[in-house]
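J.: Chain by chain, the residues run as shown.
2 protein chains.
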Amino acid sequence: MPEMRHDPVQRRWVIIASHRSARPTDFVRADKKELPVFNPFEEGNESETPPEVYAWRSKSSRANERGWKVRVVPNRFPVLKIEGDLDREGVGLYDKMNGIGAHEVVIESPDRFDDLSILSIDHAVEVGKAYRARLIDLMKDRRFKYVLIFRNHGEMAGSSLTHPHSQITALPVTPLVIAQELESAKKHFSDKERCLFCDLLSQEIKDGQRIIDQNEHFVAYAPFASRFPFEIALAPRKHSHDFRTITDDKLRLFMDILQRILQRLNIALDNPAYNFMLHTAPNTESFTPRPTHWATLQYDWHWHLELIPRLTNIAGFEWGSGIFINNTPPEQAAEILRSVELD
Amino acid sequence: MPEMRHDPVQRRWVIIASHRSARPTDFVRADKKELPVFNPFEEGNESETPPEVYAWRSKSSRANERGWKVRVVPNRFPVLKIEGDLDREGVGLYDKMNGIGAHEVVIESPDRFDDLSILSIDHAVEVGKAYRARLIDLMKDRRFKYVLIFRNHGEMAGSSLTHPHSQITALPVTPLVIAQELESAKKHFSDKERCLFCDLLSQEIKDGQRIIDQNEHFVAYAPFASRFPFEIALAPRKHSHDFRTITDDKLRLFMDILQRILQRLNIALDNPAYNFMLHTAPNTESFTPRPTHWATLQYDWHWHLELIPRLTNIAGFEWGSGIFINNTPPEQAAEILRSVELD
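Which chain is which? The protein sequence lines are A and B, in order.
Mapped onto my numbering, the consecutive letters of the first sequence carry residue numbers 1 to 343.
Mapped onto my numbering, the consecutive letters of the second sequence carry residue numbers 1 to 343.
Derived from the structure by calculation, the hints contain no laboratory data.
Be careful, since some hints might not be right.
Because identical chains share one entry, a pair is satisfied inside a single copy or across any pair of copies.
Derived lysine-lysine pairs resembling DSSO-like cross-links, with alpha carbons at most 27 Å apart [claimed, not checked]:
1) K96 <-> K192
2) K206 <-> K96
3) K206 <-> K187
4) K96 <-> K187
Generate the whole structure from the sequences, applying the supplied hints.
T.: Below, the structure written as structure tokens:
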């Protein structure tokens, strides 16, 4: 019997259709793309990107030259542009505004054949520090309501360059996905005076069957209402609403567990395409009026990372309903990922 | 300058990023899949599908034998199953219920090389009649809150069989996508005592630049806040909330304009993959308590069809924000599609 499950954060239903898992078309794999002839992210090509806004580089090296290990640069093809005013305007029943924002690339290594999952832990921590530093800096711009950090890995996940990189976008609106989660969290808090995510984590840890990995400060688990096979949530055990405030010690544990779940995925599923998205707090200092409930954000919101392997296609059913069909029960996915033996 | 646009129905922002349209990776095309060796939908293979629940066939022919042109059968791999009770249950903070529903396939032609876009109009009308008949029948089952009709065309759109077909699912919940639209429509109606969709259509027809095609009863246009390049909305000009009540005359005009927009897409974009989804009224006769605002559904809801070509990939930005990046302004898409010369 297929089972329908409801997610209390995003308030969506999914169908866990394990009875369909024998279908041959379930997991699609795109062919690996040829490496592009020219790679602007590689060491030596620094002048081919816009000037860096952040870098981890040897002390003897100079900005925009060789000698870096992690480098953050504005995207050459930004989806949003940094200069200008928002200019909100109505068009009959519609609304529009200028696409003001920022779009940056975190080049995670000078080597195109490297991968976030196999960087040394010291190197991986520096990627995490780049995330933190750019969040802190971009959120000083009061035109931006939200800063989204995400990673597209593999062609199926929408990555056009194989060189290891993540992306950062600063947005002039609170994105719908985050707004819905904020609302659920607020509702739970005002009912119970407890954080929804803390409650979820506590239930998951007690239950145990969906836990994938954990360390002193972080827990990775397969969400009860996973939309996708092998979907993963990763969150700090202790309440914390803002990734900007993560300490160096905790950042090391965060990057360590992130690398471990990526290794588990790579081994269990043969290097699948995936997206991960960091869900941190919105910018409470933004200019435009903010919802009154942001006043309690530090109590009711809990930052987390969402990882979705891109193994299946999304079709008319999902587009028409918003209900996802997942052929791999999260309990089974967690067991497979948990059982992977890491070095 | 990129532009952000807001959709008043689904209340989402999109980024119209026409400045990025030169990127070579914008439109991805999947290789055409080999036809499967065995095709259960073909004439002569009737015994390989579950028994038909509806068919348009010659009077001399018998059910589940040759002689049909349109045939509706339960899906052999249903995402939801027809027998059983809902058995709603809480699991700590989570909710679950049995996956009760229906999942049917509308086989649109006995010929695997046929296509909805090129069927004779009489044949196409019979596909529309199959939609209408199955909606009427499935909505008699008071366990079902919503019946979703959709079509996946091409591998990129999640279609695993090339034989021309659409799908019908009956759901025990009101899907989120529809619930959000119902809410927007209700809000607009209670503010203004006018249908939101009627107002949108009137604005679009007056403006004209996003109109793709029209006839006496229907208008096809590119939505102002299109998420995808060449996205199309198709709706009746006159207020009508429920596809079940469409007359034969109007059904002919509906299938005619649907075929015309498919032909326009096929010519302009070389037979792209696409999904279309019919957004009709939910089942107001369902057992479970229904939102009080369904009382005014016949005034505030307006059925429509949404068509999304699958030319681009969805990546971490969209998953993390719910904001879509569309590199083709809908005004430009409309002009291209409108300019296609049909026979």
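J.: Against each hint, give a clear statement of whether it holds in the structure.
T.: Here is how each hint holds up against the structure:
1. K96 <-> K192: between (38 Å within a copy, 22 Å between copies)
2. K206 <-> K96: The answer is between: 19 Å across copies meets 27 Å, while 47 Å in one copy does not.
3. K206 <-> K187: within (24 Å within a copy, 42 Å between copies)
4. K96 <-> K187: Classified as between; 20 Å across copies, 30 Å inside a copy.
Checked against the numbered hints listed earlier, the structure breaks none of them; every hint is satisfied.
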